[in-house]
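S.K.: Residue numbers (my numbering), protein chains in the order written: chain P, 1 to 281; chain U, 1 to 421.
Do not rely on the hints blindly, as some may be mistaken.
When the alpha-carbon atoms are kept at most 30 Å apart in a straight line, the in silico DSS-like pairs for lysine-lysine are as follows [said to hold, decoys possible]: (1) Lys400(U) x Lys378(U); (2) Lys134(P) x Lys123(U); (3) Lys308(U) x Lys330(U); (4) Lys123(U) x Lys330(U); (5) Lys400(U) x Lys360(U); (6) Lys253(U) x Lys304(U); (7) Lys343(U) x Lys383(U); (8) Lys134(P) x Lys330(U); (9) Lys408(U) x Lys75(U); (10) Lys134(P) x Lys375(U); (11) Lys308(U) x Lys378(U); (12) Lys383(U) x Lys134(P).
Just so you know, these hints were derived from the structure itself, not from any lab.
Since the structure is predicted, the reported quantities are computational estimates derived from the model, not experimental observations.
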Amino acid sequence: MFQLLNGMTFAALLFVVASGFTLIFGLLRIVNLAHGALYLFGGYVGFTVGGIAGSFVVAAISAMIFVAAAGLVLDRGVLRLVRGGELRQVMLTLGVAFVLNDAGLVIWGGDTLTVPTPEALQGAVVIGSLFYPKFRLFVLAMGIAVFAGLWLLLNKTRLGALIRAGVDDREMVEACGINIKRVFLVTFMLGSALAGLGGVLGGTFLALYPGADAEILVFSLAVVIIGGRGSLVGAATGALLIGLLNTFGQVWFPQLAYFVIFGPMAALLAFRPLGLFGKEA
Amino acid sequence: MTKLLTSRRSLLKSSAAAAGAIGMPSLVRAADAARPIRIGLLAPLTGVIAAGGKELVEGFQMYWEQVGMMAGTRKVEIVIEDDASNPDTALQKARRLVEQANVDFLFGNILANTGLAVANYVKNTGTPYFIPVIAADDLTQRTRIPNVIRVAGYTASQTAHPLGDWAYKQGYRHVATISQDYTFGHEQCGGFAQVFTEAGGKIVQQFWHPLNTSDFSSYLGQLVTAGADAIFAMETGADSTRFIQQYASFGLKGRIPLLGSMNATDQSVIRTMGADAEGIISCAHFAEGSTDPVTVKFVADYEKRYQKLPSIYGFSHYSGAMWVDEALGKIRGNVEDRALFLKTVLATELVGSPLGKTVKLDAYGNPVYDVMVRKVVKRPDGKLWNEPFETYPQVSQFWKYDPETYMKQPPYSRTFQGIKA
């Protein structure tokens, strides 16, 4: 039970980050390798704003706005120049990741920082003999809320319909007279904002430091690959799978902590190259 | 940071100049006496341990600035290279420093694997290499390299031995250990486990987790049920921050006493932390909260210069620089005679050490220290630091064992922890 909660709270964080990743991946066909850096930057911004304003909510919102703006610059500023060349786009995002990383090191130094936990969520809840940190339960709730929000957005709004259509067939959407570029941009900003939110959540219970970006990126990549590109349900399933494998792997096969995650991923890809919920583009 | 950037830039220039001079080695030799002593400093300025790398450079530079960039009568030039926390890069940069920048000796590195890569390289070139932070036991034990000297450094198990003894004397009989799964961790846990079990204690369980474990919850769940009186945690960097925070948030703090390796509660970790880290016990030769007047002055100077308390990285490189400088003074800066230089460094006793005591090397090139038992407490101004409250005098890397016998046992590893059943 205890370990199950651990796995699920970690999965919730992964989902928040990976859902943004999969949106961008699915629609824009870009493996945005700067996603991890955006996550880290969101966390850092949350740390600074949280320190000044003293409010977790303000910190989270400003991190989301800031990172969404960074996404805007990234999409409009640089990715636009290489639109169409997928490999070039990927390489470009990798370059951006490096630049952001070094900028983070210059601005915030390399010390390990933590976004302050809000007063109300400090400490632990006691359920029977179980002792569980409140903040982690909050992350779990956030994960579910983000899932619900995204599901409604994708399934009940016009924008959602456009995004879904774009994932399935980009050219067709364009042919219908839709400005796909604007949809791209909105998606990119939304995905980035989710990375920023993830950064604040992760920065609170997993800490921020140079290299955190790469760790979360690898996990997100695994989530999206398992779940299938652009699929929300896939991202949720993938996050749960990775979160639980990560936790139980550490308990049952401590020597194989990494293999437990990436072994099954490789096996899955061998049989379902598009992931569990992936569709042919 | 600006300072660092400028030094990187000037380094570009100087290595370009050096590259130009390579074609004419005889010319360089002829100008020896007037030529400045050139030190190659390898530091991880990017990558996982970038924060530590920056402090390494700061401590090193602070010493040389204090002595006016002079060693004896010769000027000192520092060429800084970034090892990127990566052994391949470290090796490549060491090569560049030795073969192109013509440095007289190398200094630095933090991660054991980067240090081992460089040590292997200088084994063949004979370049003196000083390692105040590289703690791999065997570099001054079973596989010594004569030109690699651990000035102002320490071996991984050196400070873990006394902690094992101390833990037993506190009445702890069952201890569980958790550690990062690499040599430095294996050696510290081994040092702790051997002394603790030989005294009569029992290691109930050992956990090894990969470096950069973000979520410790599953380990914490098992630590609770391991039946331990105390837990020994061997963590560095961000892992340490996260472990200590999660230890508190899962409610273990206050229930099971936490003992840490010296690096687990180093300034580089606790300076950004709060109450979660208070009360952790560790053993080390350096404690920034010491009341020794020499240490107090060093800490105050450092804090004034860099607006933060010194970490083990800054302290060790400050002391290491001083050590080599004291040796160079004795031989009037004659760094060209490598054999003499190395011999002098080995024989030099560090008089001015910020520890406030004279430190000397044992016969194997590793310092002998008074090791302090420290506790993380809050200073009046709210900053956390390690305050010593007990001392084990003159602890060598061999603890109380005979060096020859000790080195006959295998080096500590995941499978050999020196545990006496």
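S.K.: Compare the structure with each hint and give your call.
M.R.: Now for the hints, and whether the structure bears them out:
For the suggested pair Lys400(U) and Lys378(U), the alpha carbons sit about 33 Å apart, so the restraint of at most 30 Å is broken. Proposed proximity of Lys134(P) and Lys123(U) is contradicted: the alpha carbons are some 54 Å apart, above 30 Å. Distance restraint check for Lys308(U) and Lys330(U): the Cα-Cα separation of roughly 33 Å exceeds the 30 Å cut-off, and the hinted pair is therefore not satisfied. Taking the CA atoms of Lys123(U) and Lys330(U), the gap is about 25 Å. The hint holds against a cut of 30 Å.
Between Lys400(U) and Lys360(U), the direct Cα distance comes to roughly 17 Å. Compliance with the 30 Å bound is thereby established for this hinted pair. Of the supplied pair hints, the one linking Lys253(U) and Lys304(U) is violated, its CA atoms being roughly 33 Å apart against a limit of 30 Å. Taking the CA atoms of Lys343(U) and Lys383(U), the gap is near 42 Å; set against the 30 Å cutoff, the hint is violated. Pair hint Lys134(P) plus Lys330(U) does not hold up; C-alpha atoms about 61 Å apart against a cutoff of 30 Å.
About 44 Å separates the Cα atoms of Lys408(U) and Lys75(U), which puts this hinted pair outside 30 Å; it is violated. Distance restraint check for Lys134(P) and Lys375(U): the Cα-Cα separation of roughly 28 Å lies within the 30 Å cut-off, and the hinted pair is therefore satisfied. For a cut-off of 30 Å, the pair hint linking Lys308(U) to Lys378(U) stands: about 15 Å separates their Cα positions. The straight-line distance between the Cα atoms of Lys383(U) and Lys134(P) is roughly 26 Å, inside the 30 Å bound, and the hint therefore holds.
In this structure, the hints that do not hold are numbers 1, 2, 3, 6, 7, 8, 9, in rising order.
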